[in-house]
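Make the full structure from the sequences, and use the hints.
Taken in sequence, the protein lines are chains G and A. Per the working numbering, numbering through the first sequence is continuous, rising by one, with the last residue being 114. Per the working numbering, numbering through the second sequence is continuous, rising by one, with the last residue being 113.
Hints are supplied without guarantee of correctness; some may be wrong.
Straight-line Cα separation of at most 20 Å, SDA-like style, residue types lysine to any residue; simulated pairs [as the list claims (entries may be wrong)]:
(1) A/K52 - G/L96
(2) A/K68 - G/L96
(3) A/K52 - G/V97
(4) A/K52 - G/N101
(5) A/K77 - A/E8
It should be emphasised that the hints constitute simulated quantities derived from the structure, not laboratory data. Keep in mind the model is a prediction, meaning the values are calculated, not measured.
Take a look at the letters that make up each chain.
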Amino acid sequence: DAGVIQSPRHEVTEMGQEVTLRCKPISGHNSLFWYRQTMMRGLELLIYFNNNVPIDDSGMPEDRFSAKMPNASFSTLKIQPSEPRDSAVYFCASSLVSSYNEQFFGPGTRLTVL
Amino acid sequence: GNSVTQMEGPVTLSEEAFLTINCTYTATGYPSLFWYVQYPGEGLQLLLKATKADDKGSNKGFEATYRKETTSFHLEKGSVQVSDSAVYFCALSHSNTGNQFYFGTGTSLTVIP
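See below:
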């Protein structure tokens, strides 16, 4: 099992540019989560999907952020336009729908907005 | 609502010392409880879990017992190693919020030789 796959692993961009982060969950998992981690705010849940449907996006910081899950094996998190304060490590995690089941995290994408 | 409070860090210990990282939770009913570990430059990975009261989760010498009466899930290890240096996160999930996880703020542990 390849685990959760995220790309790119590192992204450096300039303020105002569009950034797209990608995630492939573990095959068979039906829940997908996007998190952001910074030193100041720790680990924050941005949005999560069950069966490709967004369930809770209350953690999305503002309209510049959007996430999609067009099918069970792919999700994107887009920031447009990006700002320096978006610099963080973004994690994707997947699981089976159940409170007993662990979330499996990807390696993260380190985003730097100059 | 559901929440997790864990011990502030950072924690620095000598090799072979005893480790305790405190974690308490707020939730109605019976949530599932987890400890995750994050090594430098990596994502979080499950260390151990407990799904009902009085369960003990254990892995790699770490243990935590689900205490309903004190709403706690403290992480312990009898003898830490340098390789245990990492950030540790306590978390809960509950059927009343689907499978959304609530994470603590994380506790950084450094073990010195």
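Next on the checklist: Tell me the numbers of any earlier hints that the structure contravenes, in ascending order.
Outcome noted: Of the numbered hints given earlier, the structure breaks just one, which is hint 2.
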